[in-house]
Every structure is written in structure tokens, then in C-alpha cells.
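J.: Chains as they are written, first to last, in the numbering used here: chain A, 1 to 112; chain B, 1 to 112.
These aren't lab readings, by the way, just hints derived from the structure by calculation. Accuracy of the hints is not assured; some may be wrong.
Since the list gives no way to pick one copy over another, a pair counts as held whenever it fits inside one copy or between any two copies.
Below, computed lysine to any residue pairings styled on SDA-like, alpha-carbon distance capped at 25 Å [what the hints assert, rightly or not]: (1) K8 - T100; (2) K102 - E89; (3) K82 - V67; (4) K84 - Q32; (5) K8 - K33.
None of the values given here were measured: they were computed from a predicted structure.
There are 2 protein chains.
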Amino acid sequence: MYSSELIKGTLKTIVLKLLSQTNQMYGYEITQKVKELTSDRIQITEGALYPTLHALEKEGFVTTEIVNIGKRVRKYYTLTPKGKLKATEKVNEFAEFIDTMKFMLDIKHQIS
Amino acid sequence: MYSSELIKGTLKTIVLKLLSQTNQMYGYEITQKVKELTSDRIQITEGALYPTLHALEKEGFVTTEIVNIGKRVRKYYTLTPKGKLKATEKVNEFAEFIDTMKFMLDIKHQIS
DNA sequence: AATGATACATAATATTATTATGCATAAGAA
DNA sequence: TTCTTATGCATAATAATATTATGTATCATT
Chain A
1 MYSSELIKGT LKTIVLKLLS QTNQMYGYEI TQKVKELTSD RIQITEGALY
51 PTLHALEKEG FVTTEIVNIG KRVRKYYTLT PKGKLKATEK VNEFAEFIDT
101 MKFMLDIKHQ IS
Chain B
1 MYSSELIKGT LKTIVLKLLS QTNQMYGYEI TQKVKELTSD RIQITEGALY
51 PTLHALEKEG FVTTEIVNIG KRVRKYYTLT PKGKLKATEK VNEFAEFIDT
101 MKFMLDIKHQ IS
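Please put together the full structure from these sequences, using the hints given.
T.: Right, here's the structure in full:
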């Protein structure tokens with residue numbers, strides 16, 4: 001697990017990117033996907049995720065659809081066209097940020 | 001300029017790394033060095049920097065020395081041995097975090 | 001004389017996360 | 001069958017960390 005402050009500010013980027021890859025996801029699914037993709041190194045807490053999803057909806061980056069699974073409820077999130085643009089934007093910005101930080105922190109290149 | 005939320009959580013790492021490279025720096029010098037190293041892409045605000053420096057001192061990662069330059073005052077910060085370890089730790093952690101994020105966000109390798 | 005740069009610092013506010021709590025269904029273990 | 005864990009949503013209290021604004025003061029340049 002990374003010290004929590006590193007993850008700060010990247011949550012929106014992560015969520016937007018995942019949605020852009022999978023078309024449609026629900027909150028809990030996002031937390032599990034991030035756990036899986038990062039081998040448990042990044043854990044998204046619900047208290048951070050749900051407010052973020054609500055904010056993305058309010059900003060018009062996602063639309064929601066509520067689906068009943070048996071007696072349980074899932075809220076699916078789908079990117080809007082505006083949200084797709086935003087996803088690309090945020091990922092590109094983060095990629096540049098990484099390069100800047102690697103330079104400043106003198107982090108050497110690794111094959112990846 | 002990067003959207004501010006990206007920088008969040010990296011300030012301590014940046015400061016510790018710069019101090020580990022330069023032995024001794026004062027606050028204003030740090031802001032200028034970061035501006036210079038990042039070609040103005042990262043701007044450290046004083047309201048963020050000074051509390052961080054004070055925190056580092058409180059935690060025993062830096063010691064301070066006040067130097068008079070004419071009638072003006074500079075407060076120089078120097079890493080303690082504990083601070084040097086911490087600097088390495090933080091940079092390594094950030095490097096790993098970058099790799100994890102690159103994988104998750106599907107950011108392709110660039111020569112750097 | 002005024003402006004911008006240098007140099008420190010803190011207070012008010014905003015943002016974003018953690019932690020705790022709450023509700024409810026479903027599945028599996030004891 | 002009862003208890004625990006997992007699934008699934010959500011919000012409130014709190015904490016951490018940053019922005020923005022303000023304050024003080026010196027020094028150099030226009």
C-alpha cells in the first residue's frame with residue numbers, strides 16, 4: 001500500500017480512465033478493479049469514491065443507470081462524450097506530470 | 001501548469017529530494033529551484049511550503065540555521081541522517097507509485 | 001517614488017481524503 | 001442456523017494538505 005497522500009488528486013483520473021476502457025461500471029466494481037490492477041497496492045475507499053462519482057455526474061462527465069440485481073441495487077456509470085474527452089485530458093496531464101516529476105526527482109528510466 | 005490536485009501529496013517528497021541533492025537550502029530558494037527544474041510547470045506556494053518545512057523540522061528530518069544576509073534573514077534547512085533516509089524512502093515510493101499508475105492508466109513508455 | 005523581487009510567516013478557506021457509521025442483500029462457513 | 005464476509009449504496013465527522021489572502025520587511029531597479 002502506498003502512503004495515502006500519493007493517491008490524492010489522482011482518483012478522478014483513475015475513475016475516468018477505467019470508465020473509458022470498460023464503457024460501464026458500478027462503484028464497487030471500480031474499487032475491485034483498482035485493487036486487482038494494482039495488486040492491492042491502491043485501495044479506493046468508498047468514502048472517497050462515491051462523492052467523486054457524484055461530482056463527476058454533477059459536472060456532466062458521466063450518466064447513471066440504476067439496475068436491480070435480485071433485490072440489490074447497482075448504480076452503473078457511463079462516460080458522456082464530454083467525459084471521454086476529460087478522461088483523455090486527465091491521463092495526458094498525468095503522463096506529463098510523471099515526466100516532470102521523474103526529471104526533478106532524478107528517477108531513472110525503467111523498461112515498462 | 002498542472003492542475004493543482006496533482007501536486008498534492010508530493011510536496012514533502014520534492015523538498016526532501018532537493019535537500020538531499022543540495023545539502024542546504026532556504027525556503028524561497030526551494031520555490032525557485034522547483035520552478036526552474038520544471039520550466040514553470042510546478043509552482044510551490046509559500047502557504048504550502050513553509051508549513052511543510054516546519055513539519056519536517058518537527059519530525060526531525062531537517063535542522064535549521066538562520067543566516068543574516070545584510071539586514072535580511074534566511075532560514076537554511078539541512079537534512080538530518082533520518083531525513084536522508086526519509087528522502088530515499090519517499091522517492092522510491094513515488095517511483096513505484098508511478099509504475100503502478102502507468103500500468104493502470106495504460107501510459108506507454110517514453111524515453112526519458 | 002513606485003514596483004517587483006526576495007524572504008519570512010500565518011490565518012481563513014477550500015479541497016480531498018480517511019474513518020466511522022448506517023442500511024440492506026447475498027453467500028459461505030461454523 | 002447463526003455468524004461472518006462480501007456485495008452495494010450512501011453520508012457525516014474528522015483530518016490532512018493545499019490555495020488564497022494578508023502581513024511584515026529588505027533590496028534593487030525603473
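J.: So, for every hint listed, does it hold in this structure?
T.: Here's how the hints hold up against the structure:
Proximity of K8 to T100 under the C-alpha cut-off of 25 Å is found in both arrangements, the shortest distances being 18 Å within a copy and 14 Å between copies. Taking identical chains as interchangeable, the C-alpha atoms of K102 and E89 lie at most 25 Å apart whether they share a chain (20 Å) or sit on different chains (15 Å). For the identical chains of this complex, K82 and V67 are intra-copy neighbours only, at 23 Å inside a copy versus 53 Å across copies, given an alpha-carbon limit of 25 Å. Within a single copy, K84 and Q32 get their C-alpha atoms as close as 22 Å, which meets the 25 Å cut-off; across copies the closest is 36 Å, which misses it.
In this homomeric assembly, K8 and K33 come within 25 Å of each other (Cα to Cα) both inside a single copy, at 18 Å, and across copies, at 24 Å.
The structure is consistent with each of the numbered hints, conforming to all of them.
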